[in-house]
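Participant: Residue numbers (the UniProt record's numbering), protein chains in the order written: chain A, 1 to 214; chain B, 1 to 312.
Hints in this document: simulated from the structure, not taken from any laboratory.
Even glycine gets a Cβ: it sits at the ideal position worked out from N, Cα and C.
Among the clues, some could well be false.
Now the stretches of chain A that chain B is said to cover, found in silico as 3 or more residues with beta-carbon under 8 Å [claimed, not checked]: (1) 9-22; (2) 106-119; (3) 160-169; (4) 190-203.
Reference listing, derived: stretches of chain B covered by chain A, where coverage requires no fewer than 3 residues with Cβ under 8 Å from a Cβ of chain A [to be verified]: (5) 62-73; (6) 221-231.
Over the 12 Å line for every Cβ pair with chain A, so calculated as not near, a few chain B residues [claimed, not checked]: (7) 217; (8) 242; (9) 262.
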Amino acid sequence: MTATSGKTILRRAGDRGWLIECADRHPAEVATSIRAQLWASGLREVVPAATTVLVVAENAAGMGKLAAGLRTVLDGSGAHRTGPPPGRRIVIPVRYDGPDLPEVAERLGLAPEEVARRHGAGEYRVGFFGFAPGFAYLDGVPESLRLPRLSSPRPRVAAGVVAIAGNQTVVYPGGTPGGWHQIGVTTTRLWDVTAEPPNRLAVGDRIVFEAVTP
Amino acid sequence: MTVTSAAPGRRTRPRHRPPGPGTGPRPAVLTVVQAGPAASVQDLGRPGMAHLGVPASGPADRRSFRLANRLAGNPEDTPALEATLGGLAITLSTSRHVAVTGAPAPLTVDGVPVDGAPRLWLRAGSVLAIGRPWAGCRAYLAVSGGIEAERVLGSASRDSLTGLGPDQVRAGAEYGLGPVRPVPAIPLELAFSVVPHGGPATVRFRWGPRHELFGAADRHRLTTTPWRVSAQCDRVGARLTGPPLAIGSVDLPSEGTVRGAIQVPPSGEPIVFLADHPVTGGYPVIGVVTDADIDLVGQTLPGDELRLAPVH
């Protein structure tokens with residue numbers, strides 16, 4: 001039920017699933033490598049998360065063969081970090097006037113403008129989607145802006161709210177509860193269930209926030 | 001934003017057809033007379049979108065759902081109604097074949113009991129009512145031609161976790177019906193729902209992906225405890241009660257989860273993920289119920305006894 005080969009650990013996740021421990025590779029890159037395989041069309045889900053990728057097949061036949069294929073992708077020549085990281089560079093305009101900005105600034109010992117400047121100076125990476133439809137965890141919040149989550153989440157956060165918690169930032173897809181610190185808002189719709197595809201961001205994309213004046 | 005996606009917005013279909021004035025044929029409509037405690041529109045859900053945070057959803061008992069559609073002459077993924085604990089009553093504006101599968105329950109047409117045939121010819125204006133099941137909890141009602149419901153992200157499934165999909169089924173709701181389809185000539189006595197109901201149930205599972213975080217005593221306890229389904233069971237998952245496993249708080253980063261996952265929160269009482277489960281979770285998953293047996297968990301009621309049997 002656990003198959004190890006070199007650094008790659010595959011853990012059985014049900015009749016049709018393997019959970020891959022990504023070791024020193026970024027799950028987004030692993031997911032991209034898997035999706036690039038010809039046989040990936042026989043997969044139902046490829047779900048990168050914080051340190052793992054879940055792979056779910058369409059049916060339970062051939063799980064051993066699938067494991068072998070995954071190991072080839074992970075241990076083979078394509079596994080090494082070469083060339084530029086995958087993903088596009090996307091600029092999102094943000095108005096830094098969120099309701100939590102004054103308190104965030106106070107807790108960090110910074111001016112609100114400086115919090116905005118530092119948040120806007122970073123480049124973030126779409127790590128994975130989770131929690132709710134379209135909720136993309138963006139990694140890369142600078143050390144100086146890291147705060148734990150709110151002690152009590154707000155019941156409903158509007159689409160476009162830009163918030164931070166820990167080393168991650170997010171643009172809320174809308175309608176979900178939210179326990180992150182709201183520092184700004186964007187008018188850019190990143191998640192729209194009536195659009196095809198519904199997501200403007202993809203795992204692996206690099207995100208830059210650009211301050212716009214209110 | 002520098003990405004200029006030219007993708008056109010997908011239009012969602014209207015929930016029901018407007019009443020047709022003029023000379024056209026009268027639109028065929030299903031009207032909900034009573035919704036019961038929890039009824040929803042389902043098709044086979046939104047698989048393949050977990051990496052965007054979208055649960056697969058779909059019927060809690062897929063086998064019974066597919067059977068209902070087959071009996072009604074529909075493709076298996078045609079939208080149909082999932083009734084929980086009965087209480088669903090509908091009427092059609094035009095006579096059609098309808099099929100009712102899943103939890104066995106008393107059926108009446110205009111108050112008159114009908115026998116247990118899974119398919120019947122429902123005349124326009126008659127009211128078909130599904131009572132409280134004798135065993136199991138979810139019944140499926142498919143109409144020849146299928147019902148027309150709003151599709152979100154390609155599916156008419158109502159996802160109770162995120163609210164995606166059509167609104168919850170309520171009394172007075174109307175759904176258009178697709179073009180009538182011929183029903184297959186199969187012996188109906190063979191078309192009983194194959195998911196067993198009621199009484200102690202043994203459910204098979206595979207160990208993993210995080211069973212190694214549990215001690216031998218806890219793994220043994222998982223497979224020997226007569227677990228009971230608690231009142232906290234819905235389309236998201238079924239919480240089991242029994243002597244808790246000693247897992248405590250494990251610091252595990254969120255990872256992808258599957259239907260059937262047996263997740264163990266710090267309380268030590270397992271939760272079995274069902275159709276509307278979240279796509280990622282941070283509690284360790286000790287095992288995953290087999291595809292073959294997860295539909296049965298989707299039919300369990302609070303108080304039902306469940307035994308977990310490992311397969312290798």
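Participant: Next step is simple, just say for each hint if it's right about the structure.
Facilitator: Hint check results:
1. Only residues whose C-beta sits within less than 8 Å of a C-beta in chain B count toward coverage, and the region 9-22 of chain A has 8 of them, enough to reach three; the restraint holds.
2. Look at the region 106-119 of chain A against chain B: 0 of its residues bring a Cβ nearer than 8 Å to a Cβ of that chain, fewer than three, so the hint is violated.
3. Check on the region 160-169 of chain A: 0 of its residues sit with their Cβ under 8 Å from a Cβ of chain B, so the three-residue criterion for coverage is violated.
4. Residues of the region 190-203 of chain A with a Cβ under 8 Å from some Cβ of chain B number 10, which satisfies the need for three, so the listed coverage holds.
5. Remark: the region 62-73 of chain B is not confirmed as covered by chain A, as 0 of its residues place a Cβ nearer than 8 Å to a Cβ of that chain, below the required three.
6. Remark: the region 221-231 of chain B is not confirmed as covered by chain A, as 0 of its residues place a Cβ nearer than 8 Å to a Cβ of that chain, below the required three.
7. Listed as a non-interface residue, residue 217 (chain B) keeps its Cβ farther than 12 Å from every Cβ of chain A; the least gap is roughly 19 Å.
8. Every CB of chain A is more than 12 Å from the CB of residue 242 (chain B) (nearest about 22 Å), matching its label as outside the interface.
9. Not every beta carbon of chain A lies more than 12 Å from that of residue 262 (chain B), the smallest distance being close to 10 Å; the non-interface claim is violated.
This entry does not satisfy hints 2, 3, 5, 6 and 9, going by the numbered hints stated previously.
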